[in-house]
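A.B. asks: Read top to bottom, the protein sequences are chains A and B.
For the first sequence, position 130 (counting from the first letter as 1) is numbered 130 according to UniProt numbering, and the numbering increases by one without interruption.
For the second sequence, position 159 (counting from the first letter as 1) is numbered 159 according to UniProt numbering, and the numbering increases by one without interruption.
Treat the hints with care, as some may be off.
Using 30 Å as the maximum straight-line C-alpha spacing, the simulated BS3-like pairs for lysine-lysine come out as follows [unchecked claim]:
{"hint": "1", "chain 1": "B", "residue 1": "Lys292", "chain 2": "A", "residue 2": "Lys109"}
{"hint": "2", "chain 1": "B", "residue 1": "Lys56", "chain 2": "B", "residue 2": "Lys42"}
{"hint": "3", "chain 1": "A", "residue 1": "Lys105", "chain 2": "B", "residue 2": "Lys100"}
{"hint": "4", "chain 1": "B", "residue 1": "Lys182", "chain 2": "B", "residue 2": "Lys96"}
{"hint": "5", "chain 1": "B", "residue 1": "Lys98", "chain 2": "B", "residue 2": "Lys42"}
{"hint": "6", "chain 1": "B", "residue 1": "Lys292", "chain 2": "B", "residue 2": "Lys182"}
{"hint": "7", "chain 1": "A", "residue 1": "Lys234", "chain 2": "A", "residue 2": "Lys81"}
{"hint": "8", "chain 1": "A", "residue 1": "Lys110", "chain 2": "B", "residue 2": "Lys292"}
{"hint": "9", "chain 1": "B", "residue 1": "Lys100", "chain 2": "B", "residue 2": "Lys182"}
{"hint": "10", "chain 1": "B", "residue 1": "Lys42", "chain 2": "A", "residue 2": "Lys234"}
Distance windows between CB atoms, simulated [to be verified]:
{"hint": "11", "chain 1": "A", "residue 1": "Val84", "chain 2": "B", "residue 2": "Leu58", "range": "41 to 47 Å"}
{"hint": "12", "chain 1": "B", "residue 1": "Pro181", "chain 2": "A", "residue 2": "Leu15", "range": "42 to 48 Å"}
{"hint": "13", "chain 1": "A", "residue 1": "Ile259", "chain 2": "B", "residue 2": "Val145", "range": "32 to 38 Å"}
{"hint": "14", "chain 1": "B", "residue 1": "Asp191", "chain 2": "A", "residue 2": "Glu171", "range": "28 to 34 Å"}
{"hint": "15", "chain 1": "B", "residue 1": "Ile278", "chain 2": "A", "residue 2": "Lys81", "range": "36 to 42 Å"}
{"hint": "16", "chain 1": "B", "residue 1": "Leu137", "chain 2": "A", "residue 2": "Ser225", "range": "31 to 37 Å"}
{"hint": "17", "chain 1": "B", "residue 1": "Leu190", "chain 2": "A", "residue 2": "Glu171", "range": "26 to 32 Å"}
{"hint": "18", "chain 1": "B", "residue 1": "Leu289", "chain 2": "A", "residue 2": "Thr241", "range": "48 to 54 Å"}
{"hint": "19", "chain 1": "B", "residue 1": "Gly69", "chain 2": "A", "residue 2": "Ser225", "range": "41 to 47 Å"}
{"hint": "20", "chain 1": "B", "residue 1": "Pro181", "chain 2": "A", "residue 2": "Ala13", "range": "35 to 41 Å"}
{"hint": "21", "chain 1": "B", "residue 1": "Lys100", "chain 2": "A", "residue 2": "Thr241", "range": "26 to 32 Å"}
{"hint": "22", "chain 1": "B", "residue 1": "Asp191", "chain 2": "A", "residue 2": "Tyr14", "range": "19 to 25 Å"}
Chain A stretches covered by chain B per the calculated footprint, using a threshold of three residues with CB under 8 Å from any CB of chain B [stated by the list, open to error]:
{"hint": "23", "stretch": "108-118"}
{"hint": "24", "stretch": "126-136"}
{"hint": "25", "stretch": "144-156"}
{"hint": "26", "stretch": "189-197"}
Hints were generated in silico from the structure; no laboratory data involved.
Where a beta carbon is used, it is the ideal one built from N, C-alpha and C, also for glycine.
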Amino acid sequence: MEAITKSKWDRPAYLLVIMLLIAFSIATLFPFLWMISTSLRTDVDLFKNPMNWIPSSLYLNNYQEVWTAIPFGQYFLNTFKLTVIITVLQVIICSMAAYAFAKLKVPFKKTVFLLFMTNLMMPWHSIMVPQFSVVSELGLYNTHTGYVLIQLFSGFGIFLMRQFFMSLPNELNEAARVDGYSEWQIFWRIAMPLSAPSLSTFAIFTFTFMWNDYLAPLIYLNDDSLKTLQLGLKAFQTEHTMDYGLLMAGTVLATIPMIVVFLLGERFFIQSVATTGMKN
Amino acid sequence: MIRRWKNHAEAYLFVTPSVILTVTLGIYPILWALRYMFYDYKGYGEAKFSGLYNIKRLFRDDYLWDAIGNTFVFASGKMILTLPIALLLAVLLNGKLKGKNFLRGIYFMPTIFSTAVMAVVFYLIFNSYNGLLNQILNMIGVPAVDWLNMQNAMLTCIIIAAWGGIGNYMLLFLAGLQGIPKDVYESAELDGATGARRFWSITVPMLGPVLNIVMMLAIMSALESYEAIMVLTGGGPSGATEVMHLYLYKLLFPVSTGETMAQDIGYGSAVAMLLALIVGAITGLYLYLSRKLNDIYS
Numbered sequence: 001m002e003a004i005t006k007s008k009w010d011r012p013a014y015l016l017v018i019m020l021l022i023a024f025s026i027a028t029l030f031p032f033l034w035m036i037s038t039s040l041r042t043d044v045d046l047f048k049n050p051m052n053w054i055p056s057s058l059y060l061n062n063y064q065e066v067w068t069a070i071p072f073g074q075y076f077l078n079t080f081k082l083t084v085i086i087t088v089l090q091v092i093i094c095s096m097a098a099y100a101f102a103k104l105k106v107p108f109k110k111t112v113f114l115l116f117m118t119n120l121m122m123p124w125h126s127i128m129v130p131q132f133s134v135v136s137e138l139g140l141y142n143t144h145t146g147y148v149l150i151q152l153f154s155g156f157g158i159f160l161m162r163q164f165f166m167s168l169p170n171e172l173n174e175a176a177r178v179d180g181y182s183e184w185q186i187f188w189r190i191a192m193p194l195s196a197p198s199l200s201t202f203a204i205f206t207f208t209f210m211w212n213d214y215l216a217p218l219i220y221l222n223d224d225s226l227k228t229l230q231l232g233l234k235a236f237q238t239e240h241t242m243d244y245g246l247l248m249a250g251t252v253l254a255t256i257p258m259i260v261v262f263l264l265g266e267r268f269f270i271q272s273v274a275t276t277g278m279k280n
Numbered sequence: 001m002i003r004r005w006k007n008h009a010e011a012y013l014f015v016t017p018s019v020i021l022t023v024t025l026g027i028y029p030i031l032w033a034l035r036y037m038f039y040d041y042k043g044y045g046e047a048k049f050s051g052l053y054n055i056k057r058l059f060r061d062d063y064l065w066d067a068i069g070n071t072f073v074f075a076s077g078k079m080i081l082t083l084p085i086a087l088l089l090a091v092l093l094n095g096k097l098k099g100k101n102f103l104r105g106i107y108f109m110p111t112i113f114s115t116a117v118m119a120v121v122f123y124l125i126f127n128s129y130n131g132l133l134n135q136i137l138n139m140i141g142v143p144a145v146d147w148l149n150m151q152n153a154m155l156t157c158i159i160i161a162a163w164g165g166i167g168n169y170m171l172l173f174l175a176g177l178q179g180i181p182k183d184v185y186e187s188a189e190l191d192g193a194t195g196a197r198r199f200w201s202i203t204v205p206m207l208g209p210v211l212n213i214v215m216m217l218a219i220m221s222a223l224e225s226y227e228a229i230m231v232l233t234g235g236g237p238s239g240a241t242e243v244m245h246l247y248l249y250k251l252l253f254p255v256s257t258g259e260t261m262a263q264d265i266g267y268g269s270a271v272a273m274l275l276a277l278i279v280g281a282i283t284g285l286y287l288y289l290s291r292k293l294n295d296i297y298s
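Turn these sequences into a full structure, and let the hints steer you where they fit.
C.D. replies: Put into structure tokens, the structure is as follows:
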């Protein structure tokens, strides 16, 4: 008996798996290492031929200069503020709609769902010009509110959360209704806590996407005091000149919050799966 | 009766914010684009009604059709490379393995960097003059390869896109795998099912709903992504990596891409609607086929 259960981890297969995982890690990490290495060089050092694998001397100036070359601190705060607001609101708004589709009787359900799906299918580029004119009409061009507004709806989020809510047993809702809970209370006190794993997956996606969004801020935000990190980093990367060292140093700094979010989110995501044990 | 009305009222409360957002910022713009595809509008001055001119132009635009062809090559290449690896990693990292959280973190890392910046790093690695990859090849005595020429540029773009996408799909697959109860595997193990057998007869069917979402998402995003290509090759050399949404972007916002194309919102709207139709048709076909398959299996 013991032998059978152990068999999946017999040595050759296990070693193969480990080697595969390590090889893949190296392939994944390599561009980052190169990025960090680039951020520690002067451009002259970068384009030496034959190249130095290790920077000839550690050039830390890029990390200092990036704070003064662009208003890095201001951009950082803007990005952080926008990303957090959008992630929270988008997750709540989409989960609400998804819950209604999965568990409630919505009049014109099919029509509304079709509207959502049409919106989901429509590539953003196809509608960005008219969308921009709607936001301008509302007087929200060049404001954070305008930018937040266009990011709140996510067809993908509704789709993902609906799929999850549908897997929750209906008996749960019925029992809660008998206990006198309103749908609103069931949603907040039962459905949302139970869907923590899916919610955190959804939130991680939204967060990373918003943090790295470049095109929409480019179109909607014009004032320096409103701009985001991705716009700022682009300043090192113009048509004719490219300041590789500063760009890479800025990117490395800009990515630190994302790593924190991922580590926190992932831990939460695993814990909640381990503790609920209620799924299916 | 009152109870029922109250339920409806609550249901409205749940969907109202999304409906308002969809209608004003999604559906209305679509209708706008549907109207302007019949107009001659260059982004300034007056829009003039031009009948079917833009539609006819679609069929004469060989560059557009080449771009659509390239998009299919790019999208299928990206998916063939991304999805199996992502699923394999998810399955391996779902088991009891020391350091699996650490590895998950590593594999997810490409996702948290902006594609545009990573494309710059990849340029430093792949360019033929003094790129890192060619320097490595030189060292081991292999002649340098022009990674960004007519023949190779598309493959290079696909590799980079796959590099950026695997972590994403791995995480989605993992979320799905966590939903499969452990006891199913345990009883299969008692019955003596091998690893491969367990994978095909438990993991894949039980992953069904997640697999469906992931596939749909993968199809759509592969058809729509162009950011890395924009930074790496700009669609070149001579249109070899031009994908359809990059072309659309150049039509609508020519200034920011540094292209010498003239802004054309009327024709851009027509292209936009054609592309939406293509993406919609392919996703629709996929949904239809997957439903058919589900019917067969259940």
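A.B. asks: Does each hint hold? Answer for all of them.
C.D. replies: Structure-based check of each hint:
| no. | hint | in the structure |
| --- | --- | --- |
| 1 | B:Lys292 x A:Lys109 | 23 Å, holds |
| 2 | B:Lys56 x B:Lys42 | 17 Å, holds |
| 3 | A:Lys105 x B:Lys100 | 42 Å, violated |
| 4 | B:Lys182 x B:Lys96 | 12 Å, holds |
| 5 | B:Lys98 x B:Lys42 | 59 Å, violated |
| 6 | B:Lys292 x B:Lys182 | 29 Å, holds |
| 7 | A:Lys234 x A:Lys81 | 20 Å, holds |
| 8 | A:Lys110 x B:Lys292 | 21 Å, holds |
| 9 | B:Lys100 x B:Lys182 | 18 Å, holds |
| 10 | B:Lys42 x A:Lys234 | 27 Å, holds |
| 11 | A:Val84 x B:Leu58: 41 to 47 Å | 42 Å, holds |
| 12 | B:Pro181 x A:Leu15: 42 to 48 Å | 30 Å, violated |
| 13 | A:Ile259 x B:Val145: 32 to 38 Å | 33 Å, holds |
| 14 | B:Asp191 x A:Glu171: 28 to 34 Å | 30 Å, holds |
| 15 | B:Ile278 x A:Lys81: 36 to 42 Å | 37 Å, holds |
| 16 | B:Leu137 x A:Ser225: 31 to 37 Å | 48 Å, violated |
| 17 | B:Leu190 x A:Glu171: 26 to 32 Å | 30 Å, holds |
| 18 | B:Leu289 x A:Thr241: 48 to 54 Å | 50 Å, holds |
| 19 | B:Gly69 x A:Ser225: 41 to 47 Å | 45 Å, holds |
| 20 | B:Pro181 x A:Ala13: 35 to 41 Å | 25 Å, violated |
| 21 | B:Lys100 x A:Thr241: 26 to 32 Å | 43 Å, violated |
| 22 | B:Asp191 x A:Tyr14: 19 to 25 Å | 22 Å, holds |
| 23 | 108-118 | holds (count 4) |
| 24 | 126-136 | holds (count 9) |
| 25 | 144-156 | holds (count 5) |
| 26 | 189-197 | violated (count 1) |
Hint compliance for this structure: hints 3, 5, 12, 16, 20, 21 and 26 are broken, all remaining hints hold.
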